[in-house]
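Chain residues, written in single-letter form:
There are 2 protein chains.
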Amino acid sequence: MSSHPTLSPLDLTSALDGLHPDLRILGPEALIGRHPGEDPANLDAGVMVQPASTEAVAALVSWCRANRVAIVPQGGVSGLVGGSVSHAGEIILSSARLNRVLAIHPDEETVEVEAGVTLEALQAALEPHGLTTGIDLGSRGSATIGGMAATNAGGILAFRNGVMRHQILGLEAVLPSGEIFSDLTRVVKVSAGPDLKQLLIGSEGAFGFVTRLVLKVEPIRPHRAVALLGVPDASRGLRVAARLRRHGALQLEAAEMMWPRYVRDHAALKRFDLSWLENDAPVLLLEVSGETAEAATTLLEAELAEIWEEAELQGGIVAQSSDQARRFWDMREDSGFYFAAFPNAPSFDVSMPPSALDDYVAGLTDRLNAIGDGLEAYVYGHIADGNLHIAIAAAGPLPFDRKTAVEAAVYDGIRTSGGSFSAEHGVGLEKHAAYLTHVDPVKQALARQIKAMLDPDTLFNPGKVPF
Amino acid sequence: MSSHPTLSPLDLTSALDGLHPDLRILGPEALIGRHPGEDPANLDAGVMVQPASTEAVAALVSWCRANRVAIVPQGGVSGLVGGSVSHAGEIILSSARLNRVLAIHPDEETVEVEAGVTLEALQAALEPHGLTTGIDLGSRGSATIGGMAATNAGGILAFRNGVMRHQILGLEAVLPSGEIFSDLTRVVKVSAGPDLKQLLIGSEGAFGFVTRLVLKVEPIRPHRAVALLGVPDASRGLRVAARLRRHGALQLEAAEMMWPRYVRDHAALKRFDLSWLENDAPVLLLEVSGETAEAATTLLEAELAEIWEEAELQGGIVAQSSDQARRFWDMREDSGFYFAAFPNAPSFDVSMPPSALDDYVAGLTDRLNAIGDGLEAYVYGHIADGNLHIAIAAAGPLPFDRKTAVEAAVYDGIRTSGGSFSAEHGVGLEKHAAYLTHVDPVKQALARQIKAMLDPDTLFNPGKVPF
Chain V
1 MSSHPTLSPL
11 DLTSALDGLH
21 PDLRILGPEA
31 LIGRHPGEDP
41 ANLDAGVMVQ
51 PASTEAVAAL
61 VSWCRANRVA
71 IVPQGGVSGL
81 VGGSVSHAGE
91 IILSSARLNR
101 VLAIHPDEET
111 VEVEAGVTLE
121 ALQAALEPHG
131 LTTGIDLGSR
141 GSATIGGMAA
151 TNAGGILAFR
161 NGVMRHQILG
171 LEAVLPSGEI
181 FSDLTRVVKV
191 SAGPDLKQLL
201 IGSEGAFGFV
211 TRLVLKVEPI
221 RPHRAVALLG
231 VPDASRGLRV
241 AARLRRHGAL
251 QLEAAEMMWP
261 RYVRDHAALK
271 RFDLSWLEND
281 APVLLLEVSG
291 ETAEAATTLL
301 EAELAEIWEE
311 AELQGGIVAQ
321 SSDQARRFWD
331 MREDSGFYFA
341 AFPNAPSFDV
351 SMPPSALDDY
361 VAGLTDRLNA
371 IGDGLEAYVY
381 GHIADGNLHI
391 AIAAAGPLPF
401 DRKTAVEAAV
411 YDGIRTSGGS
421 FSAEHGVGLE
431 KHAAYLTHVD
441 PVKQALARQI
451 KAMLDPDTLF
461 NPGKVPF
Chain G
1 MSSHPTLSPL
11 DLTSALDGLH
21 PDLRILGPEA
31 LIGRHPGEDP
41 ANLDAGVMVQ
51 PASTEAVAAL
61 VSWCRANRVA
71 IVPQGGVSGL
81 VGGSVSHAGE
91 IILSSARLNR
101 VLAIHPDEET
111 VEVEAGVTLE
121 ALQAALEPHG
131 LTTGIDLGSR
141 GSATIGGMAA
151 TNAGGILAFR
161 NGVMRHQILG
171 LEAVLPSGEI
181 FSDLTRVVKV
191 SAGPDLKQLL
201 IGSEGAFGFV
211 TRLVLKVEPI
221 RPHRAVALLG
231 VPDASRGLRV
241 AARLRRHGAL
251 QLEAAEMMWP
261 RYVRDHAALK
271 RFDLSWLEND
281 APVLLLEVSG
291 ETAEAATTLL
301 EAELAEIWEE
311 AELQGGIVAQ
321 SSDQARRFWD
331 MREDSGFYFA
341 AFPNAPSFDV
351 SMPPSALDDY
361 VAGLTDRLNA
371 IGDGLEAYVY
381 GHIADGNLHI
391 AIAAAGPLPF
401 DRKTAVEAAV
411 YDGIRTSGGS
421 FSAEHGVGLE
431 KHAAYLTHVD
441 PVKQALARQI
451 KAMLDPDTLF
461 NPGKVPF
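These protein sequence lines map, in sequence, to chains V and G. Note that UniProt numbering has the first sequence beginning at 1, numbered continuously upward. Note that UniProt numbering has the second sequence beginning at 1, numbered continuously upward.
The hints are simulated quantities; they were obtained by calculation from the structure and are not laboratory data. Nothing here was measured: the structure is a model prediction, and the numbers come from that model. Warning: the hint list may mix true and false statements.
30 Å max Cα-Cα, derived DSBU-like pairs, lysine-lysine [claimed, not checked]:
id	chain 1	residue 1	chain 2	residue 2
1	V	K451	G	K451
2	V	K443	G	K443
3	V	K443	V	K403
4	V	K451	G	K443
5	G	K403	G	K443
6	G	K451	V	K443
If we take Cβ atoms under 10 Å as the criterion, some of the chain V residues that face chain G in the derived model are [to be verified]:
id	residue
7	A158
8	S203
9	L238
10	A242
11	R245
12	M352
13	N369
From the three backbone atoms N, C-alpha and C, an ideal C-beta is built for every residue, glycine too.
Required output: the full structure, derived from the provided sequences and hints.
Next comes the structure, spelled out in structure tokens:
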């Protein structure tokens with residue numbers, strides 16, 4: 001990170017006045033009272049610019065480059081690793097007014113959007129066409145398509161549809177040079193030289209600002225059935241999920257697993273009925289779709305009955321109404337419940353190859369226990385793609401030594417097993433140590449070279465991913 | 001492209017002797033009589049090195065870098081754009097001995113392979129586990145996984161599974177620096193900084209040599225039904241395909257369309273029965289899977305009957321045996337039949353957004369006609385993803401002016417419509433003009449910068465993609 005000459009938020013606000021007709025400038029006054037999103041420091045820059053066109057973004061970036069002013073891109077500010085935190089002297093570049101759904105192509109199942117459209121707004125725009133996004137996540141109301149591209153977001157459907165990178169057919173961005181990079185293909189098959197839009201996906205705003213995207217979408221499969229099952233372990237849970245994935249008349253829509261402490265404490269807090277659950281087992285939430293809701297329910301019940309003995313299921317319950325299905329989902333999606341008891345609980349988001357999950361969770365339990373003080377974790381996540389969310393049952397921030405020990409316990413063995421220390425949240429400010437420790441040094445060096453080439457003055461989201 | 005000091009094939013053969021125990025060196029003598037693959041010039045270098053380990057690749061690359069000798073990577077040499085052509089003074093780096101399937105994880109539906117494994121060998125290794133690759137293409141017997149990564153191959157299943165880029169979870173490569181880039185994640189969800197393995201996918205060996213990959217695979221769906229339909233146009237064909245994609249108990253496995261001249265000439269040559277086809281209509285080949293072959297056939301017939309009027313189908317026939325299904329497929333997969341009548345017929349491989357296909361094909365017909373001499377094209381391809389293969393019914397190579405006019409006719413409007421001048425074959429030697437004309441100049445400049453950064457001496461596959 002190089003240092004930049006610092007202009008005050010008020011200086012910046014006046015300097016930008018009149019730069020481009022499609023730029024709205026919000027100074028310190030205008031930002032008062034605005035919700036900062038997931039991180040209280042997101043608005044610390046005190047200046048936010050909201051462009052309404054790609055050309056306006058390019059004008060702003062060129063100005064920032066000429067004046068060596070750093071840019072912090074912001075979408076829905078729902079990120080959990082500090083990737084949108086800003087400081088005085090920087091400019092927040094917000095996608096809030098780049099919020100148009102530009103074209104829906106129902107026959108092709110594609111859509112073209114500006115980067116600031118929220119996932120929920122896009123789903124609402126698609127719904128009349130019988131379509132929906134191929135990616136879904138809990139923060140759908142605030143997360144933007146551009147922010148999801150910048151962090152290569154994953155969510156609930158990744159096991160079947162892949163992650164954001166797999167949804168993106170075309171992309172336009174403004175590079176740190178101020179040039180507009182335009183690769184708005186609307187087709188899945190392209191082999192026409194290096195696919196450099198991939199650099200803009202998952203690089204957390206460090207290589208450019210995404211302005212426009214073309215995405216694959218998919219038909220809504222509205223006829224659903226939802227079940228909660230007690231499973232002895234992830235391995236047996238995966239076996240149930242694999243069976244449903246191979247079913248000719250059912251589609252698996254979600255396989256979300258919650259380990260016992262998460263289940264117990266959440267149920268106690270929210271009075272979820274667990275009378276059906278045996279032996280304090282982990283709980284697997286399954287959702288399937290079929291030709292009708294009744295068919296889905298009947299077939300799901302039949303499949304579960306057939307695999308019951310083999311998978312050693314520890315009780316189960318199939319939702320008999322959409323209300324009940326919603327309550328099952330609350331148990332999984334309202335996952336922040338533990339922050340009430342443990343404010344700022346250290347939280348992690350890792351991927352492990354699914355067949356390694358049981359060993360990983362057992363090892364994690366032992367490693368946390370070895371740290372002392374009866375340290376435990378809430379563990380839950382997307383079992384079919386191996387993405388675990390982990391929150392330590394302790395108020396944060398932890399003292400430095402404890403923090404380091406906990407991180408070592410969480411990340412132990414992940415790289416050698418083929419997993420990732422960050423599955424869908426990114427690196428941001430929070431995961432620097434993990435990035436420096438667990439990413440292949442050759443890959444780190446290459447990332448630094450590309451950063452230096454694209455953004456020699458380190459003006460794009462400085463200090464986030466450690467280049 | 002910089003120039004390199006030229007060593008003769010024999011000099012190179014002796015110089016490499018003993019460099020690393022895992023390197024097999026084949027000199028000019030050893031290459032005599034070897035089939036060059038799709039391009040007669042593939043073996044012109046006269047020296048082929050076959051490493052059996054990543055370390056041996058790294059040793060070779062370091063030696064080449066020190067001695068400024070260029071490297072031409074080769075997999076199955078089934079490419080159609082000259083991407084593997086070599087010259088005296090260069091070394092062919094073959095993946096032939098990197099041919100191990102390293103690990104199959106049936107519960108996770110992932111596999112780890114060396115780059116030289118052929119698609120067919122991988123399919124055979126997966127079959128006992130009830131699994132197969134999520135990508136399939138006609139040249140499966142020779143195409144290697146590494147070559148398919150380097151060209152971001154597509155094939156028959158891209159409309160549902162995406163292309164090679166979407167199958168790859170992890171990748172190891174040797175960079176032009178001689179360093180080993182290792183990102184062998186085995187998970188779909190990774191948001192841990194820029195995903196630089198994407199640079200190695202689809203860059204045709206210009207940025208490094210892929211040695212090892214982790215891929216997603218998927219369950220075999222063995223119970224199939226196949227039909228041939230007459231359709232008035234692509235739009236109606238897409239409607240039929242879309243209906244089948246939304247069917248709860250059927251999965252669409254292929255939707256391949258052949259336009260009339262292709263159908264007519266191929267049927268005349270191979271005596272395909274077209275008595276069921278009305279009005280010289282384009283033909284759509286559909287394949288679906290279901291719970292049993294009988295169920296798939298019955299449901300497919302019922303769906304076609306229901307949409308018959310609306311889609312204005314022009315006759316149709318559902319295969320009553322696997323033999324008959326195979327004959328239907330021969331009509332599509334044995335597509336090189338026209339080379340007998342038109343040797344070296346100029347051929348193209350474009351993507352268009354599926355809803356723009358009819359306008360494109362009509363425009364193409366007019367534009368070719370305007371060139372004169374009754375110029376016509378064979379058109380066929382993967383309708384659901386918009387990938388058309390086009391061969392001009394004229395012997396090649398064409399005189400320069402005619403070639404330029406034909407290329408302009410084929411590529412007209414593709415970029416502005418959101419398509420691609422190369423869908424799955426790459427750029428290689430054959431598509432330089434198209435690359436320079438139809439790729440965003442900002443993207444071209446960025447590709448040049450990255451090439452210069454990674455391979456400052458232009459040693460990796462020089463002269464292919466024009467950097």
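Where does the structure disagree with the numbered hints, that is, which hint numbers, in rising order? When the structure is compared with the hints, only number 13 turns out to be violated.
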